[in-house]
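Undergrad: Go by the hints and put chain B onto chain A.
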Amino acid sequence: DAGITQSPRYKITETGRQVTLMCHQTWSHSYMFWYRQDLGHGLRLIYYSAAADITDKGEVPDGYVVSRSKTENFPLTLESATRSQTSVYFCASSEGETQYFGPGTRLLVL
Amino acid sequence: AQSVAQPEDQVNVAEGNPLTVKCTYSVSGNPYLFWYVQYPNRGLQFLLKYITGDNLVKGSYGFEAEFNKSQTSFHLKKPSALVSDSALYFCAVGGNQGGKLIFGQGTELSVKP
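Quick note, the sequences are listed as chains A and B, same order. The letter at position 73 of the first sequence is residue 73 when you use my numbering, and the numbering goes up by one with no holes. If you count the second sequence from 1, you need to add 1000 to reach my numbering.
Here chain A stands alone, though its shape is the one from the complex (with noise of 0.2 Å):
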C-alpha cells in the first residue's frame, strides 16, 4: 500500500527554469492538495482539486500551476522558478475530513 507519494524528494532548481513536482496518491481519493510550508508562516494551500479535471486556487496561488487528468495524479509546476518559491512543498489527499500526506519535496531555487 504505497499510499501517497512525491517526486523528487529534493530538488535544486535556477532562477527562471520550469520545474514540475509530482504527487501520486493509490487511494483513488476524490480531493488532492498542494502546501508550502515556510518557517514562520506554517502550511499555506497553494491549490486544490475536488476531482479529475477541476482545479481551484487556494491562498497562494501566483507563480504555479496545476492540472489533473487522472485521478490519482496531481502535479505541480512553477512555471519560472524564483528564490521566493524555496520551500518545502506537500501534496495531500482526501476523500472525507481527514487529509493525508506525502512526504514531501524539498526545493531550492539559486
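Warning: the hint list may mix true and false statements.
[As the list claims (entries may be wrong)] Quick list of simulated restraints, FRET-style, between CB atoms:
#1 G63(A) to T1020(B): 32 to 42 Å
#2 N1017(B) to G16(A): 48 to 58 Å
#3 Y10(A) to F1046(B): 19 to 29 Å
#4 K1069(B) to P8(A): 27 to 37 Å
#5 P61(A) to V1083(B): 33 to 43 Å
#6 N1030(B) to T82(A): 20 to 30 Å
#7 P1040(B) to T77(A): 42 to 52 Å
#8 S1060(B) to E95(A): 11 to 21 Å
What the hints contain is simulated information worked out from the structure, not anything from laboratory work. The beta carbon of each residue, even a glycine, is placed where N, CA and C say it ideally should be.
TA: Using the frame of chain A, we list chain B on its own:
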C-alpha cells in the same frame, strides 16, 4: 473567514509530565478540528479530529484533545510525555469548504529526559 491560532511557538516538557499544546479557532458554523504531527524531514501525520459528538477525542500515540465551544479551543493533551513525542504539532480547522483546511503556525514540542 476561518482561522486558527497556536499561541505558543515552543513548549518544553519533562519526560513523564503531562503536556498541553494550545489551539484556538475562529469559524462560522460547526468546525471540523484536527491535530497533525510532523517529525523532522517527514510529512504531516494525522493524530486526531473532532467533527461532532463527545468533546474529548482520543487519537494516536496516547494523545487526546478537548473541544471547548465556549472558549473556541481545541487543546492537545497527553498525560505522560515521552522524549519521542518531540516534534512539530499543527492544529487545523476545516468545514464546509470542500475539504480545505486552514493550519496554525505550528508548535514545537520538546520533551527532555
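Undergrad: Starting from the hint 27 to 37 Å, judge whether the C-beta atoms of K1069(B) and P8(A) obey it.
TA: violated (44 Å)
Undergrad: Against the range 32 to 42 Å, how does the distance between the Cβ atoms of G63(A) and T1020(B) compare: consistent or not?
TA: holds (39 Å)
Undergrad: Per the hint of 20 to 30 Å, is the separation of the Cβ atoms of N1030(B) and T82(A) within bounds?
TA: violated (39 Å)
Undergrad: Go ahead and decide if the range 11 to 21 Å is satisfied by the Cβ distance of S1060(B) to E95(A).
TA: Roughly 19 Å apart at Cβ, these two residues keep to the hinted range, so it holds.
Undergrad: Using the beta carbons of P1040(B) and T77(A), state whether their distance is inside 42 to 52 Å or not.
TA: violated (28 Å)
Undergrad: Quick one: are P61(A) and V1083(B) within 33 to 43 Å, going by C-beta?
TA: holds (40 Å)
Undergrad: Measuring from beta carbon to beta carbon, are Y10(A) and F1046(B) in 19 to 29 Å?
TA: At roughly 25 Å between Cβ atoms, F1046(B) and Y10(A) fall inside 19 to 29 Å, so the hint holds.
Undergrad: Against the range 48 to 58 Å, how does the distance between the Cβ atoms of N1017(B) and G16(A) compare: consistent or not?
TA: Hint holds: Cβ distance 51 Å, inside 48 to 58 Å.
When held up to the earlier numbered hints, the structure conflicts with 4, 6 and 7 and fits the remainder.
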